[in-house]
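K.L.:
Next come the chains, spelled out residue by residue.
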Amino acid sequence: MASATPTFYGYPRPDGTFGARNHVAVIPSVTCAGDVAQAVCRQVAGTVCYLHHQGCCQLPPDLERVTDTLISLGRSPNVGAVLIVSLGCEGTDHERMYEELSQTGKPVRRIGIQELGGTAPAIARGIEEARELVIAISAQRRVEAGIENLIMSIKCGASDTTSGMASNCVIGRVADRLVDLGATVVFGETTEFIGGEDLLARRAATPEVARRIYEIVDAMETRAKSVGCDMRRGQPTPGNIAGGLSSIEEKSLGAIVKSGTRPIQGVLDYPETAFGRTGLWIKDTPGREPEILTGMAATGAQLMCFSTGRGAPQGFPSMPVVKICGNPHTYRRMSGDMDVDAGRIIEGAATIDEVADETFDRILRVLSGELTKNEAISYTSSIDIHCLGPVI
Amino acid sequence: MSSEDRAGTTGRPIALKVADADNVATIFADGIARGTVVQVRDRSGAGPLLAARGDIPYGHKIALEDIAPGQTIVKYGESIGVASRAIAAGDYVHVHNLDSMRGRGDLERKEA
Chain A
1 MASATPTFYG YPRPDGTFGA RNHVAVIPSV TCAGDVAQAV CRQVAGTVCY
51 LHHQGCCQLP PDLERVTDTL ISLGRSPNVG AVLIVSLGCE GTDHERMYEE
101 LSQTGKPVRR IGIQELGGTA PAIARGIEEA RELVIAISAQ RRVEAGIENL
151 IMSIKCGASD TTSGMASNCV IGRVADRLVD LGATVVFGET TEFIGGEDLL
201 ARRAATPEVA RRIYEIVDAM ETRAKSVGCD MRRGQPTPGN IAGGLSSIEE
251 KSLGAIVKSG TRPIQGVLDY PETAFGRTGL WIKDTPGREP EILTGMAATG
301 AQLMCFSTGR GAPQGFPSMP VVKICGNPHT YRRMSGDMDV DAGRIIEGAA
351 TIDEVADETF DRILRVLSGE LTKNEAISYT SSIDIHCLGP VI
Chain R
1 MSSEDRAGTT GRPIALKVAD ADNVATIFAD GIARGTVVQV RDRSGAGPLL
51 AARGDIPYGH KIALEDIAPG QTIVKYGESI GVASRAIAAG DYVHVHNLDS
101 MRGRGDLERK EA
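Quick mapping for you: the protein sequence lines, in order, are chains A and R. Read in order, the letters of the first sequence are residues 1 to 392 in the working numbering. Read in order, the letters of the second sequence are residues 1 to 112 in the working numbering.
Only chain R is shown next, with the shape it has when bound in the complex (with noise of 0.2 Å):
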């Protein structure tokens, strides 16, 4: 991050992306709610106004763009795990629609 860089510069509530391939993006602001527009911020410091579909608690993540069921969610551009239902862009993205693909014991427990 740059000097000219610095988050919260414009005013507006800043959702951080990390890689180019991210579909989230992290959001450190307090009081975002339906509706709020938060100015998203990849490296190079540009990015869309996107507006927040519902609560999300500062330090977690929105989603960029619509997700599918089954789809990979990118952070840092790598995954994070995938989408347990459909995620719209704006949306609360956290453990009641992205599910971990690591470390699940229970999944190898029905295989077997």
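Chain A on its own, in the form it takes in the complex (with noise of 0.2 Å):
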């Protein structure tokens, strides 16, 4: 292992960040201005799309945590200018989200739907926008940046027995040496603590860190049982319960070894960023994919550890997702969406710690610019934002 402290060529922006992709994110501001700005994308290259469903007929705080999402998703280190796509009549506040991504000294354009006379005429200035946009950002440089500009992302999907003891242990391994390194680590699914929220809660840094997480699981756990049914089949899912994992708790206590073993500093709700907080962080997110994926994109992290072990094969598509697959099996039968064969580890040729450096110096070339398995194949369009009220 080198003495030296480890380096990233990333995107320097103005509020100090460092990218590890220079996308032009383009941002409907509610589900009915999805279909303008995926043609827009469609015709752009360099841009992105956050394709969600939500923005409109939510209670007032579910448009107000879209609002700030969504706000999050354009202040990612990944985001090197924005073009908001709004429809004109939306509930979410898209003035709010012009305002304050403007202030983050990125190109920020936006264009109204209605106001413009329609689809036709929207997408096709859409593409005018974000043209120039592109055309703005696409000869900035990479510089060096020290590890510790890094907020790393973790979470494991598709899971079985083999996440446990073999991926989430190298994850967790990974964790540990950023966190020591000054950077920024943060996990989530809420729903995967239910079990292990006391293991969790002794490595709270504070009394009230420990009672926030006592907190939140009680709060998703509540949100389930309020069906009245047993969670098994939705949680552990049926491809978890084929993989061996028998109850949530058995799950969860092989999803919380991904988290490492340093003290956790404390809980971040879903819409908020991780900028200027370092160590271990909890963000309060569900299990499934485009939700957990869009809410630790939205913490501004560079980049995600995505272990699993029946082979979820998933991108997001502004933050690179490198997939650990603990399973050696799936791991052949899917090696072409697999980026860390950590199936090696449960047939005894190779230890937690060889793979864990493996990782390590993976995750700093993907900062640097090297594509995921995902990203070259263009499986990255996974994404949804977590409400909590109905759609009414």
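Where hints are given, some of them may not hold.
[Unchecked claim] Simulated crosslink set (EDC-like; lysine to aspartate or glutamate; CA at most 20 Å straight-line):
| hint | chain 1 | residue 1 | chain 2 | residue 2 |
| --- | --- | --- | --- | --- |
| 1 | A | Lys106 | A | Glu132 |
| 2 | A | Lys225 | R | Glu108 |
| 3 | A | Lys225 | A | Glu208 |
| 4 | A | Lys225 | R | Asp55 |
| 5 | A | Lys373 | A | Glu358 |
| 6 | A | Lys106 | A | Glu95 |
| 7 | A | Lys225 | R | Asp99 |
| 8 | A | Lys225 | A | Glu197 |
| 9 | A | Lys106 | A | Glu128 |
| 10 | A | Lys106 | A | Asp15 |
| 11 | R | Lys110 | R | Asp99 |
| 12 | R | Lys110 | A | Asp230 |
[Said to hold, decoys possible] Some but not every residue of chain A turned toward chain R, in silico, with C-beta under 8 Å:
| hint | residue |
| --- | --- |
| 13 | Asp160 |
| 14 | Met165 |
| 15 | Ser226 |
| 16 | Asp230 |
| 17 | Gln235 |
| 18 | Ser246 |
| 19 | Ser247 |
| 20 | Ile248 |
Bear in mind the hints are in silico, worked out from the structure with no lab data behind them. C-beta: ideal position from N, C-alpha, C; glycine also.
Join the two chains, each given in its own frame, into one complex according to the hints.
P.N.:
This is the structure in structure tokens:
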């Protein structure tokens, strides 16, 4: 292991962060603006689309949550410029989105579908705006940045029993190493704290953080129980069960291994960024991929380490997702989707430390521009915003 | 796991016991059937031989001791649920004989 502090090459942003990518984010302010945003992205190179399904006919706290989450997504270091696509009559606050994103110093434009006279004119105008933004940021250069500038998010999906014994152990070692180097690590999936919350609360930096951990787990479990059935098959999923996970408790105990062993500094609300925070943090999210990937990108994470056993293939529009596969059979079947083979630990062909070192090196390369498997094959559209109230 | 503590070095299928208090272990091998003898391995690398009492799929669990109905099933040193029926050492342990105790809206509805 090299003694010098690890570095990566990132795009310097006006707010002092460093991006691992340099995308123009096209952000529909509401689901009803999604088709225009998507048409613009199909036409203009270097754009990514946040094709979510929220933003109208929701209760005020959720509308604020959607607005805040979309702002946080635009603030991501991986986003170099933003085009907001508004319908004109949505429940979210597209004016506030424009104002707050403009304050980042990044180029920000906006178009309104109703104001421009409909779909076709809006697409035409959006293409022109996005083209200008893409060209404007295309000459930006990467510069060397210390690893302390990294916000890494972590997640496990399509888990089986190899996850808790191989791939999550690898991520845990990487998380500890990053925390010790002064970086920020964020994990979530509050549903998968159920049964493991005592272990997490013991690692809380303060009694208040421990109280928050119990509070978010109780809220998540209460929401699940309110339906009046056994949570099993919802969590753990049929795939988890086929992979040998018998209960949410077993899944949780394997899942939290990926958070490593360092103290937990606090709990972030779903739309919150982690800018200015260091160490290990929790973000309150469900376990399903589109919602947690979105929540983690909204944290400002430049990258995600994603552990899987059954084989989850998806990435995210603006955040590279490194897949670490704990099941050797799955790795052999789906190596086109998997970035790191942690199945070698199960087969006795490598140690956790060896695969953790390999993963760490891969993370530095991906931060500096190397594509992940899901980026290369454009399996990156998974996005949705987790809301708490009903659609009305 | 140290380099000398890698799975699969004895030739027998390995059943990995994560924590000392565990009463189940996880088998990462195919073809486990009634009578197959597995090598239980704990963190120190030691452990007894144990005969499976039925088919156990890859990545699934085997009981390390007899577990009475209602008794806690332990993995990672923590509860992963309770036995919903009598389990004998060597039995396959999964959703057919392990009940989760969390997220049970069905139980609260009955109590209400």
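K.L.:
Looking at the structure, which of the earlier hints fail to hold?
P.N.:
As far as the earlier hints go, 3, 4 are violated by this structure, in ascending order.
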